[in-house]
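S.K.: Sequence:
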Amino acid sequence: MSSESTFIDLEETQDLLQDVLAFLDDNSFSDDATAPPASSSMGGDCVKKSRSRKYSPVYDRCRREKKKAERQALVSQVAQYETELELLRAQKSVPGTDSKWGWIHVATEEEKRRKAEEINRQLRGIIALQLNAIKILHGYMSQEALFAQRVPSMMTQLSPSIGPITTGTFASLGAIAAHLKWMFGRLRSSADCVFSSASLAMEDHNSAGALMSSVNVKYEDPVAGPCIELLSTTPMSCSFKNAVSMLWGMLLDKKVLGSHAGCYTMKTKQLTERSANFGYSTTFDVPDASGVLDGVTLFEKYQEDNRAILLWASMLVDLQHGEPYSISQGYLCVSRVSSNPQQQSVVRSFSRLSGKLFGVSAHVDVPVARKNQIASKARLERAQLRLMECAELQNGQ
Numbered sequence: 001m002s003s004e005s006t007f008i009d010l011e012e013t014q015d016l017l018q019d020v021l022a023f024l025d026d027n028s029f030s031d032d033a034t035a036p037p038a039s040s041s042m043g044g045d046c047v048k049k050s051r052s053r054k055y056s057p058v059y060d061r062c063r064r065e066k067k068k069a070e071r072q073a074l075v076s077q078v079a080q081y082e083t084e085l086e087l088l089r090a091q092k093s094v095p096g097t098d099s100k101w102g103w104i105h106v107a108t109e110e111e112k113r114r115k116a117e118e119i120n121r122q123l124r125g126i127i128a129l130q131l132n133a134i135k136i137l138h139g140y141m142s143q144e145a146l147f148a149q150r151v152p153s154m155m156t157q158l159s160p161s162i163g164p165i166t167t168g169t170f171a172s173l174g175a176i177a178a179h180l181k182w183m184f185g186r187l188r189s190s191a192d193c194v195f196s197s198a199s200l201a202m203e204d205h206n207s208a209g210a211l212m213s214s215v216n217v218k219y220e221d222p223v224a225g226p227c228i229e230l231l232s233t234t235p236m237s238c239s240f241k242n243a244v245s246m247l248w249g250m251l252l253d254k255k256v257l258g259s260h261a262g263c264y265t266m267k268t269k270q271l272t273e274r275s276a277n278f279g280y281s282t283t284f285d286v287p288d289a290s291g292v293l294d295g296v297t298l299f300e301k302y303q304e305d306n307r308a309i310l311l312w313a314s315m316l317v318d319l320q321h322g323e324p325y326s327i328s329q330g331y332l333c334v335s336r337v338s339s340n341p342q343q344q345s346v347v348r349s350f351s352r353l354s355g356k357l358f359g360v361s362a363h364v365d366v367p368v369a370r371k372n373q374i375a376s377k378a379r380l381e382r383a384q385l386r387l388m389e390c391a392e393l394q395n396g397q
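Under full-length UniProt numbering, residues 1 to 397 are what the sequence shown spells out, in order.
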């Protein structure tokens, strides 16, 4: 097509196609109609002879079929042109496409569609990640609930303690220490029940497991009566020997004496390789107490080849009345990890807090107990974090 050619208007194209169809319908495409007129010049007889020559039936049939096919092809082409014409007319009626900027509208719509598909793909990916996170969280919560449910039944069935520890009045630090030492006998006999039974753990007790913690208010415990119960499992990235040494050193630090350790006065201190005895007094504003409390905290350690048990017990007594204001006791077990016994270990803890200070004395003060439950949960998780940080430092040395 030359550069001077112009586009034919759509209506003119349709008229031209209709004229072509009319022309095809008016002509019969016979052999006589297509023959040229006879010449009156010289040699006309020869021409007439050649024109009147008969073709073979096969050749005639081929010529007729060929012309018929040409007519059908023209009809099909006309129908195709009419269809395209209708499509062009339909597109012409769309707003924005009847001008020279119609292609911009099409390109813009295509870009919007592409962006929508990309956003949809990203949203599907985010939803898949959220569903996976929900599945992991649900599994963790189910394990923690199962762990907490198994402890009371195991303590009731296997613990040598036949009932809650009864307390009287205490007039001195020595009396408090003597009572705690008596409690240690029950703690020692219960340690194997707590840590040797694999049913108390969500996994094999020789495996590192996952980091977990659980704090629950117990309205009736077979050993401590009403109390706040704390459970934890902390994987350590250091050897068994380093973990035992590090944990024992942290227990002997003054911060283990409780949340009020910053305002205590040390009165007695006895340290051996396997035990520690701290006697102290503290002063702070507490309800239903004189404000001056005497306290004793005991620690004891005994170690085997693949396991170390650390026991602790603590008591605060109101000096004015000689009655216990808080009693806490617990177990810590450090063991090797069978898959990597030289470089990994695991610390499991089991503790009980009771007394007026925690809102769980003879009668449970639910608001106070719930408040201390939340606070104890936070302190337990901070302690786990400190343990893992110290283990990493030990491993790096």
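Just so you know, these hints were derived from the structure itself, not from any lab.
Note that this is a predicted model, so its numbers are computed, not measured.
Keep in mind that the hints are not guaranteed to be accurate.
To be verified - Keeping only pairs whose Cα atoms sit at most 25 Å apart, straight-line, the calculated SDA-like set for lysine to any residue is:
no.	residue 1	residue 2
1	Lys301	Met250
2	Lys241	Gly225
3	Lys241	Ser338
4	Lys241	Val78
5	Lys377	Ser338
6	Lys301	Arg379
What the hints assert, rightly or not - Derived DEER-like restraints, expressed as beta-carbon distance ranges:
no.	residue 1	residue 2	range
7	Glu110	Arg382	50 to 58 Å
8	Arg114	Lys371	51 to 59 Å
9	Met141	Arg379	14 to 22 Å
10	Gln270	His321	53 to 61 Å
11	Leu251	Gly174	44 to 52 Å
12	Lys68	Glu109	40 to 48 Å
13	His321	Leu251	26 to 34 Å
14	Glu273	Lys371	22 to 30 Å
15	Leu251	Gly139	16 to 24 Å
16	Arg382	His321	52 to 60 Å
17	Arg274	Glu392	24 to 32 Å
18	Glu392	Thr108	49 to 57 Å
19	Leu129	Glu273	21 to 29 Å
20	Thr272	Met141	39 to 47 Å
Quick reminder that beta carbons are idealized off the backbone N, C-alpha and C, glycines included.
S.K.: Confirm or reject each hint.
M.R.: Structure-based check of each hint:
1. Proximity of Lys301 to Met250 is assessed by CA-CA distance (about 13 Å); at most 25 Å being required, the pair is judged to hold.
2. Taking the CA atoms of Lys241 and Gly225, the gap is near 35 Å; set against the 25 Å cutoff, the hint is violated.
3. This hinted pair checks out: Lys241 and Ser338 have alpha carbons roughly 14 Å apart, not beyond 25 Å.
4. In summary, the hint linking Lys241 to Val78 is not supported, as the alpha carbons are separated by about 94 Å, beyond the 25 Å threshold.
5. With a C-alpha separation of about 29 Å, the suggested pair Lys377 and Ser338 falls outside the 25 Å cut-off, and the hint is violated.
6. For the given pair, Lys301 sits about 23 Å from Arg379 by alpha-carbon distance, which is consistent with the 25 Å threshold.
7. At roughly 56 Å, the beta carbons of Glu110 and Arg382 sit within the given window of 50 to 58 Å.
8. About 55 Å separates the C-beta atoms of Arg114 and Lys371, a value consistent with the hinted range of 51 to 59 Å.
9. Against the hinted window of 14 to 22 Å, the Cβ-Cβ separation of Met141 and Arg379 comes to about 21 Å, which satisfies the hint.
10. Our hint of 53 to 61 Å for Gln270 and His321 is violated, since their Cβ atoms are close to 27 Å apart.
11. Checking the proposed 44 to 52 Å range against Leu251 and Gly174 shows it is violated: the Cβ atoms sit about 22 Å from each other.
12. A C-beta distance of roughly 45 Å is found between Lys68 and Glu109, which places it inside the suggested range of 40 to 48 Å.
13. Hint check: His321 to Leu251, Cβ distance near 30 Å, so the stated range 26 to 34 Å holds.
14. The given range of 22 to 30 Å is broken by Glu273 and Lys371, whose C-beta atoms sit roughly 39 Å from each other.
15. Here the CB-CB span from Leu251 to Gly139 is close to 33 Å, at odds with the stated 16 to 24 Å.
16. Our hint of 52 to 60 Å for Arg382 and His321 is violated, since their Cβ atoms are close to 33 Å apart.
17. Checked against the hint of 24 to 32 Å, the pair Arg274 and Glu392 passes, with Cβ atoms roughly 27 Å apart.
18. Restraint check, Glu392 to Thr108: a C-beta distance of roughly 56 Å satisfies the suggested window 49 to 57 Å.
19. Between Leu129 and Glu273 the beta carbons are some 52 Å apart, a value that contradicts the proposed interval 21 to 29 Å.
20. Here the CB-CB span from Thr272 to Met141 is close to 42 Å, well matched to the stated 39 to 47 Å.
Hint compliance for this structure: hints 2, 4, 5, 10, 11, 14, 15, 16, 19 are not met, and every other hint is.
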